[in-house]
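Participant: Letter by letter, the chains look like this.
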Amino acid sequence: MTQLRLAGQPPATGTPLLEARNLTKHFDVHGAARRRSGRRALPQRRRPMAGAQGPSADSGPVVVHAVEDVSLALAEGQITAVVGESGSGKSTLARLLARLIKPTAGELLLGGRPVPPGRRDARGYARQVQMVLQDPFSSLNPVHDVRYHLSRPLRVHGLPTPGLSLDETIISLLERVALTPADQFIGKYPHELSGGQRQRVAIARALAVRPRVLLADEPVSMLDVSIRLGILNLLGDLRDTERLAILYITHDIASARYLADTIAVMYAGQIVEAGPAQAVTDDPAHPYTQLLLGAAPDPDRAEQAPGTSASRASRAGRRGTPPSLLAPPPGCRFHPRCPHAMAICAEAEPREFEVAGGHLSACWRHARDLDDAQAAPLLQLTPHRSAASTPLAPHHPHPTREET
Amino acid sequence: MTAGQAPAAPARATAWRPLLEVRGLCVDYGAGPDAVHAVAGADLTLHAGEVLGLAGESGSGKSTLAYAITRLLRAPGMITGGSVDYHPEPGRTVDLLAAGESGLRVLRWSQISVVMQSAMNALNPVLSIGSQLTDVLRAHQPALGKAGAQDRAAGLLAMVGISADRLGSHPHQLSGGMRQRVMIAMALALEPQIVIMDEPTTALDVVTQRDILEELMELRARLGFAVLFITHDLSLLIEIADSIAVMYAGRLVERADATALFRAPRHPYTLGLLRSFPALHGPRQHLTGIPGSPPDLRGLPAGCVFHPRCRYALDRCRTDAPALLPLAEDGGRLAACWLQHGAAAAPAELAVPAPGADLAAAPTVRTQP
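In order, the protein sequences belong to chains A and B.
Each residue of the first sequence is one higher than the one before, counting from 1 in our numbering.
Each residue of the second sequence is one higher than the one before, counting from 1 in our numbering.
For the record, the hints were derived by calculation from the structure and aren't laboratory data.
Each hint can be trusted.
Covered stretches of chain A (in silico footprint by chain B; criterion: 3 or more residues with CB under 8 Å from a CB of chain B, positions within the stretch not fixed): (1) 193-206; (2) 218-226; (3) 290-297.
Because the structure is a prediction, the values reported are computed rather than measured.
Built from N, CA and C at the ideal position, the CB exists for glycine as well.
From just these sequences and the hints, can you work out the full model?
Facilitator: Here you go:
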């Protein structure tokens with residue numbers, strides 16, 4: 001059970017604004033991927049001659065284990081970063097939190113109260129929880145101007161600001177995202193705006209309903225390097241001045257360290273490590289986090305001698321690719337790539353272990369009560385995986401493939 | 001003089017001769033008064049065995065520059081000025097801009113090869129990896145024969161860490177990282193002197209990216225080709241490149257040794273870019289990025305193209321465009337900024353002494369016997 005409660009929440013507020021408990025999302029697989037997975041499973045499951053009934057007749061429904069048993073709490077005035085590679089389930093998690101898709105299991109709590117399943121009171125939920133998407137070039141409608149984009153949520157939710165006309169409300173929204181002079185931007189169309197300005201409009205649109213939770217899915221990955229910081233700083237300001245609870249989803253662990261109060265690292269649909277941002281990045285406990293940090297571009301590393309033992313060690317674990325989410329490995333999902341894998345890692349899923357105050361890692365290395373047999377090094381070859389081990393990688397049915 | 005550089009850069013102590021010299025290259029998209037000057041007077045020298053990083057944001061002209069060098073530019077792109085000289089061996093010069101199609105056909109891939117950003121689109125989806133690899137070999141080395149080409153293709157795949165039984169695979173059966181590896185293997189098939197890489201790892205995850213870059217650097221050390229590495233990720237370049245050229249709005253604004261550029265930038269744009277990448281270590285600092293956004297190439301500001309976003313801009317920057325000139329200090333550094341070439345002293349942030357001045361001086365040392 002990977003059940004990580006994110007630490008670092010201000011104790012004063014008590015209940016987090018938005019909490020996910022044991023969220024799980026499995027996507028059904030149809031078509032070619034299903035047939036292929038069935039064929040692959042065939043020789044292991046039964047004798048070759050018996051396979052007349054069709055591949056997946058006895059293997060149960062074929063599902064992609066996109067998000068598995070994830071618990072996460074977003075607190076007021078805090079930025080929580082979810083870091084992971086493409087296919088790790090981080091965007092699926094954001095969609096679950098935005099209630100754009102229905103979870104397979106688990107529940108959401110908004111302000112401490114369970115959110116009813118289904119689409120009941122979707123609008124009321126949207127008034128509290130808003131989402132900012134990755135690509136401001138496609139999330140704004142090219143035939144409508146900024147005024148229209150920002151007036152829609154106000155009209156849909158029937159939220160006129162007392163004492164202000166619609167245009168005045170829109171102008172104050174534009175000023176909140178630092179699009180000034182606002183009266184010049186209000187009549188512009190998306191093609192007249194730069195990428196950074198478009199993303200600011202998208203953020204203003206999310207802020208229009210005065211939400212308390214903002215879910216930002218890779219908000220800067222499509223933007224030019226020089227303007228990314230502006231958007232990240234805007235999110236930081238919204239946290240500080242408006243006490244928003246912000247979920248920042250990213251593949252860039254350096255930006256998560258820069259912006260977030262807490263970081264959760266996802267691997268193959270599970271949270272493997274979580275804790276205060278600097279503790280996670282400066283003192284990573286989980287081997288996957290260590291791998292991720294070792295792979296991130298780091299100018300300071302250029303000045304160290306290349307090919308040192310440390311970089312070789314990190315490279316040993318780097319071989320291989322994330323597992324197929326159709327049939328994740330048993331035990332710890334990282335164990336086939338883990339340089340420290342022990343016998344128990346292939347058998348049992350690790351619990352969360354506290355490595356320091358509020359810093360949790362789902363890794364058996366942090367368990368204190370393992371016996372010798374469990375802690376024996378797992379003898380494994382870490383060959384350079386061929387694509388045969390991940391036949392679905394190119395056209396993965398996973399919905400987060402678009403992020404990169 | 002050579003003693004000081006021995007431990008840090010053994011590769012650089014070897015013959016550091018210019019391989020590719022670009023002088024005053026101009027590329028326009030379209031013609032007449034509406035032409036967009038995508039590259040304006042680029043000067044660049046790639047030395048043998050060097051990894052030269054070309055950094056810039058989208059629209060800065062870095063890919064256009066690469067296409068112009070390899071003559072792969074398509075209409076409406078047009079080379080309107082400058083020269084590109086390729087020196088296959090000392091004393092021999094090939095003018096790439098004057099070369100005809102048949103001359104280019106001999107040079108391309110055997111001497112200069114390209115790895116495109118999107119391996120997904122660069123590989124033919126209906127042909128197997130093996131047939132695409134052998135195609136290149138059989139076109140340029142017909143004497144190799146069918147079996148020989150197959151063997152060589154298997155060897156190339158093994159070189160980038162893919163087992164030979166993938167020769168029969170089609171691109172869709174490979175992951176993104178493997179496809180990019182195949183592209184690299186293909187680019188190295190004829191052992192070219194120059195490999196141009198246009199954002200080769202941008203579409204990949206960080207772990208895969210690191211894997212491929214390390215492999216690439218090992219291959220470079222073994223085979224000794226020079227790399228022109230184009231990316232928007234300056235922090236990555238600092239790690240892998242020997243020297244770095246920074247582009248902004250079609251102009252080269254700074255060129256320096258990678259470490260010197262990182263520790264002691266001389267152009268405000270470079271400084272701003274460096275301050276746009278949060279660090280992985282140390283105390284968390286508030287970063288500001290660069291105010292404003294990159295200019296539209298159709299309506300560039302007068303004077304220095306960076307001045308509207310530059311916090312150090314002088315009156316002169318608004319009217320006169322600075323040229324990319326050598327700096328007074330040692331180290332073969334170039335910068336296009338009035339702060340460095342004007343009468344007044346540069347601001348403290350842009351005048352940090354370069355680390356290990358004797359090491360940074362390597363580029364000038366190299367040209368001397």
